[in-house]
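Colleague: If you want the building blocks of each chain, they are given just below.
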Amino acid sequence: MKKILLLIYFLSFHVISELTLEITQGTEDPYRVAIIKFSGADKAATDIQKVVFDNLLRTGEFTIFDDEDLLSIPQIEEDIVFNDFRILDIDFLVMGQVKDDGLNVAVEYQVFDISKAKKIRTSTVYGIPNKDRQLAHYVSDGIYQEITGIPGIASTKILYVTEANNFKLLISDADGNNEQVLLESPEPIISPSWSPDSKKVAYVSFETGIAKVYIQDIASGKRDVAIENSSQISSPAWSPDGKFLSLTMYQDGNAEIYILNLKNKNLTRLTNHYAIDTESTWSPKGSKIMFTSGRSGSPQLYELDLKKFNSRPKRITFDGNYNAKGSYLPNNEGIVFVHRADTNFQIALKYFNENFVRPLTDAQMDESPSISPNGNVIVYAIKDDGMGLLSGVTLSGAKFRLPASKGAVREPAWSGYLK
Amino acid sequence: MFFLKNKFNFIVVIMFLASCSSMNVTEEQVYSGNVKTVKASSSTSNNINYDSMAVFANATVYFEFDKSNLTSKSIQTLKSAVNALNENSSIMITLSGHADERGTREYNLALGQRRAEAVSDYFVLNGISKDRITVRSYGEERPLAYGQDEESYSKNRRVEIN
Chain A
1 MKKILLLIYF
11 LSFHVISELT
21 LEITQGTEDP
31 YRVAIIKFSG
41 ADKAATDIQK
51 VVFDNLLRTG
61 EFTIFDDEDL
71 LSIPQIEEDI
81 VFNDFRILDI
91 DFLVMGQVKD
101 DGLNVAVEYQ
111 VFDISKAKKI
121 RTSTVYGIPN
131 KDRQLAHYVS
141 DGIYQEITGI
151 PGIASTKILY
161 VTEANNFKLL
171 ISDADGNNEQ
181 VLLESPEPII
191 SPSWSPDSKK
201 VAYVSFETGI
211 AKVYIQDIAS
221 GKRDVAIENS
231 SQISSPAWSP
241 DGKFLSLTMY
251 QDGNAEIYIL
261 NLKNKNLTRL
271 TNHYAIDTES
281 TWSPKGSKIM
291 FTSGRSGSPQ
301 LYELDLKKFN
311 SRPKRITFDG
321 NYNAKGSYLP
331 NNEGIVFVHR
341 ADTNFQIALK
351 YFNENFVRPL
361 TDAQMDESPS
371 ISPNGNVIVY
381 AIKDDGMGLL
391 SGVTLSGAKF
401 RLPASKGAVR
411 EPAWSGYLK
Chain B
1 MFFLKNKFNF
11 IVVIMFLASC
21 SSMNVTEEQV
31 YSGNVKTVKA
41 SSSTSNNINY
51 DSMAVFANAT
61 VYFEFDKSNL
71 TSKSIQTLKS
81 AVNALNENSS
91 IMITLSGHAD
101 ERGTREYNLA
111 LGQRRAEAVS
121 DYFVLNGISK
131 DRITVRSYGE
141 ERPLAYGQDE
151 ESYSKNRRVE
161 IN
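Chains as they are written, first to last, in my numbering: chain A, 1 to 419; chain B, 1 to 162.
Hints listed in this document are in silico derivations from the structure and should not be mistaken for laboratory results. Where a beta carbon is used, it is the ideal one built from N, C-alpha and C, also for glycine. Just so you know, nobody snuck in bad clues.
With a Cα cut of at most 25 Å, we get these calculated BS3-like pairs of lysine-lysine:
#1 A/K212 to B/K130
#2 A/K383 to B/K155
#3 A/K314 to B/K67
Part of the chain B face toward chain A, derived, beta carbon under 10 Å:
#4 N24
#5 G33
#6 V35
#7 S43
#8 G147
Use the sequences and the hints to build the structure in full.
Modeller: In structure tokens, the structure reads:
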């Protein structure tokens, strides 16, 4: 009845520092949501509402109606004429009031279910000075969760690396704004990874001349090498309980996967093969480790069952000549990875109950996929005219780009929920 | 019913009102996530001995995509390197392995290491003591050529001997 097959919101890709939304294909049956112009403090209300719009549009799951599209514009709850929204096939209505006392901004918003002619949510978010975007992210997450039943990810963060005059490890909001520097170094930084509580990051830095894994506390900046060892160490990944770090060690010359107990620093060796074994990652419950191995002659993904004593790695990718850097969907229903069928590197998805690979992107050099904590969006690195940029794709098919940062951007890693 | 979470110094209160069982009422405070910037300084032990460089020119050997085996051309280069090392027993060498940008960064780091190890193995097989050799990889992080074509890629798949 309300199928919109192709939504095209195309803003120029050349606008730097502005979010570029390129929703090439949203879901076939998007939620139709009216958002009335937020009342109160004019400037703040406009800015906050714009961020909420963009956040919801970027999910690819909404068609949004603003004041200009509507038959009536209620200013207060009592004025809502539900029939005016039903005629337009609108499912939900959102109203908001912005309160600005000159020091702090707060937003109160209400969500109405049109078919039931009923208020289903009323929420207040209290902001802190100069963090109106954050406030808007909380509002969009509330609206998103109320309508879809799934937690929103607008208030989560992304970690990534840039290279210009030097290398930087940066943290930003999920929409690429509010960028802050975690680490600056004259030498390469690779493989950033979040602790499950999103308070710490692990990464590989070449600052001593060889690859070493560091763990850094985000708020204090305190950092340590994960293992004191003279050989190269890389590819850190936290276990879901935060107690272990899987990593790749090169002490006998070849890449092998180990698990480091962060408390007592004990090491357990997981792989033993003359081929490359690296890029380990944990299943959502921590019972399995997936990794990339060259043991079949080309890079492919393998899985190890940690609950079985001496279990042998089981190959899990068979289509394509290069399958690497896998990660599990948070619901453990499948994996996302870098896939090459012929010559192009794409981001692909494979559900465990299907026997085929679903390519999610179609450029030539897409890499480093990282999945949002709600499992709905994948952020990844692309090369556009030789330049590194970040892109996103939702499982519903919407695509977007994050604002260009200074320098070549690469290796995004999505945080967990920060609330 | 309501519950409190204090983990990030902010409070989320969710009350499911009994009188209105299907409406969610929430109140939350934006969390101020502080970020501290750290500046790393390079402590690379890249001291190249210029005395030894006078007699032992730097050399580079090249590889095929996703391969770490030595080509016959590489072996010619390495033979003269072995001679130079035999003539100057005080020379220490560093083998730095590299990969082209295709494929994932961690796999390429491991591949660069494999290439450097392949060169190291050749030296050891030809009588050079392992103690004189340092092996390391930069993966795809230190390209020599920046083009996205086979010509650039072939220059980047290399082991540098210094």
